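Since the structure of chain A is already known, use the hints to place chain B on it.
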Amino acid sequence: MKAVRNERFMKVTTYLLLIAWAVFVLFPLYWMLTTSFKSKLDVFLGPKYIPWVDFRPIVQWWIRIFTVEREEVIRPLINSIVVASISSLLAVLLGTMAAYGLTRFKFKFGPLRNHDILVWIVSQRMMPPIVIALALFLMFKVVNLLDTRLGMTLIYTAFNLPIAVWMMRNFLSQIPISIEEAAMVDGASRSQIFFRVVLPLTLPSLAATFLLCFIFAWNEFLFALILTFDKASTMPILIASQHFQRGPQWWDISVMSTVAIAPVVIIALSLQRYFVKGLIPISK
Amino acid sequence: MPMTNILSSFRGKKAGRAFILPAVIILLLLTIFPFLFSLFLSFGKVSFLGGLQIHFAGLKNWLRLFNDERFYNALSNTVLIAVIAVAMEYVLGLGLVLLLNRGVKGSTFFRVLFFLPMMLTPIAVGYMWRMMFNPTRGPINHVLPLLGLPAVGWLTEPKIVLYSIILTDIWQWTPFMILILFAGLQSIPPALLEAAKVDGASGWRLFREIIFPLLIPASIAAILLRTIEVLKIVDKIYILTGGGPGIYSESMTLFGYSLGLRAFDLAYGATIAFSLFATILVISIIFLLMTRRSQEISLE
Chain A
-3 MKAVRNERFM KVTTYLLLIA WAVFVLFPLY WMLTTSFKSK LDVFLGPKYI PWVDFRPIVQ
57 WWIRIFTVER EEVIRPLINS IVVASISSLL AVLLGTMAAY GLTRFKFKFG PLRNHDILVW
117 IVSQRMMPPI VIALALFLMF KVVNLLDTRL GMTLIYTAFN LPIAVWMMRN FLSQIPISIE
177 EAAMVDGASR SQIFFRVVLP LTLPSLAATF LLCFIFAWNE FLFALILTFD KASTMPILIA
237 SQHFQRGPQW WDISVMSTVA IAPVVIIALS LQRYFVKGLI PISK
Chain B
204 MPMTNILSSF RGKKAGRAFI LPAVIILLLL TIFPFLFSLF LSFGKVSFLG GLQIHFAGLK
264 NWLRLFNDER FYNALSNTVL IAVIAVAMEY VLGLGLVLLL NRGVKGSTFF RVLFFLPMML
324 TPIAVGYMWR MMFNPTRGPI NHVLPLLGLP AVGWLTEPKI VLYSIILTDI WQWTPFMILI
384 LFAGLQSIPP ALLEAAKVDG ASGWRLFREI IFPLLIPASI AAILLRTIEV LKIVDKIYIL
444 TGGGPGIYSE SMTLFGYSLG LRAFDLAYGA TIAFSLFATI LVISIIFLLM TRRSQEISLE
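Chains as they are written, first to last, in the working numbering: chain A, -3 to 280; chain B, 204 to 503.
Just chain A, with the same shape it has in the complex (with noise of 0.2 Å):
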């Protein structure tokens, strides 16, 4: 009786603490999300919690942002897609040759080997931004790349190859060989195995590796601080900028702040499986 009861109590205090934890994570997030729905006069007023119930939610503020605000807003959301898919489709091309690399040849520079140029190019990662920001302002106003999409492009692709060699190496590792070999001995230069053989055959963790670089890039913050300052600015800087030119628009911010998480979410929400094989290699 006495284990009945103790294993229910174990339950419910279970589904009551993910529950808790469940609530921690969505309030910020239902937060800002009705607060773009709030008339000022809500928001100065409140707090208020529920829409209907204590305040009337309003469209306003969401048709203003493709309205009145369409130009101000327009040119760095451009950027962000531009800049983000370009740089991540090349982090990916130029990662996946080079755990391509690691993972079918034997290499030998000096006394490094596979495993050695493999944490090379993963520990890059380690280094903090603003250490390689403030060199990039100099090099990149020398050769005029400063405030550039190029510029910029160029940037995240290296900031985001170290993830792309370590997620497309945990994948093309999985792989077996002997597809290429048959190939090979079809008479397939490497090149045309690489091309037509192994990317179809990884194109479900080329795309998870793709929309991983992809949220990084859209995400990332100081880089574009330093680098950019008008014409390749992009979303993380717009809002952030928000504050400082117009003072607290909290419905303003909540908007453009749902429209830069939106796509962040649905990429998260649907290919969690994914990322989450790619990032950890369980070997079992």
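Honestly, the hints are just simulated from the structure, not real lab data.
Predicted model only: the values in this text are computed from it and were never measured.
Be a bit skeptical, because a hint or two may be false.
Now the stretches of chain A that chain B is said to cover, found in silico as 3 or more residues with beta-carbon under 8 Å [stated by the list, open to error]: (1) 2 to 13; (2) 17 to 27; (3) 50 to 58; (4) 88 to 94; (5) 147 to 157.
Note that beta-carbon positions come from the ideal geometry of N, C-alpha and C, so glycine has one too.
Same frame as chain A, now just chain B:
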């Protein structure tokens, strides 16, 4: 190298090199070179009068750094945030992973939800919590008096502001601990746990003698990676407080940015940035040395 050479190099014995070379070149140009350039800058003086000029300045920047109280302030803020945030995130992450592993219904739903915050744009997260912490219109200060507690100046009290930043970091990054520890837990063979249960181990003993020791490698990886990341903290602070009140919540990266670009002393900014790199390196090495024994134990 002409195009034909690149293509033919995919075929011969050197084929392997052609695959890794592009990635290596990008990293050398855009990470390693700026890194060395930054080190060089920390011994120089940058001036823009009559074009870009860099003069050698010896140890001037470094001496200034070691006599700069603002440096010690930023360093201790950053390390304090890192130590407390990572410790809390680890404990919470471990607890949540164990809860998720109890085979309750809907555990997949909870897991997917729990992972979410770490993917979100840090600037948006900063604003989210700035609204939560708002002194008069934020929900936190609205609820506290209802519970008989005093309202708190979350982002304006010098003694509290760092803990508000830590809370925000816990919200966003506990998921990382859950991610790694969950994978670690999955790789424990179920047969091992069954055998231990047959032997009469349960609850706390099962955790202490079987599960926790097997989670040590994952724990070390999770703590190290998270520590390295949180030492670079800047974006959430930039939005939450801008380093204020005064410089009470200034982190190393924010300090380097302010001096390097706002005060436009790039050489001194590079010095600050490099000292952060050195800090991260030293802390990582100490941590790895400290945990070497337990790593060896877990390998046996």
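Comparing the hints with the structure gives:
1. 2 to 13: Satisfied; 5 residues make the cut.
2. 17 to 27: With 9 residues closer than 8 Å to chain B, the stretch 17 to 27 of chain A meets the three-residue bar; holds.
3. 50 to 58: Violated - the stretch 50 to 58 of chain A has 0 residues with a Cβ nearer than 8 Å to chain B, which falls short of three.
4. 88 to 94: holds (count 4)
5. 147 to 157: The restraint on the stretch 147 to 157 of chain A holds, since 5 of its residues have a Cβ under 8 Å from chain B and three suffice.
Violated hint for the displayed structure: number 3, the only one.
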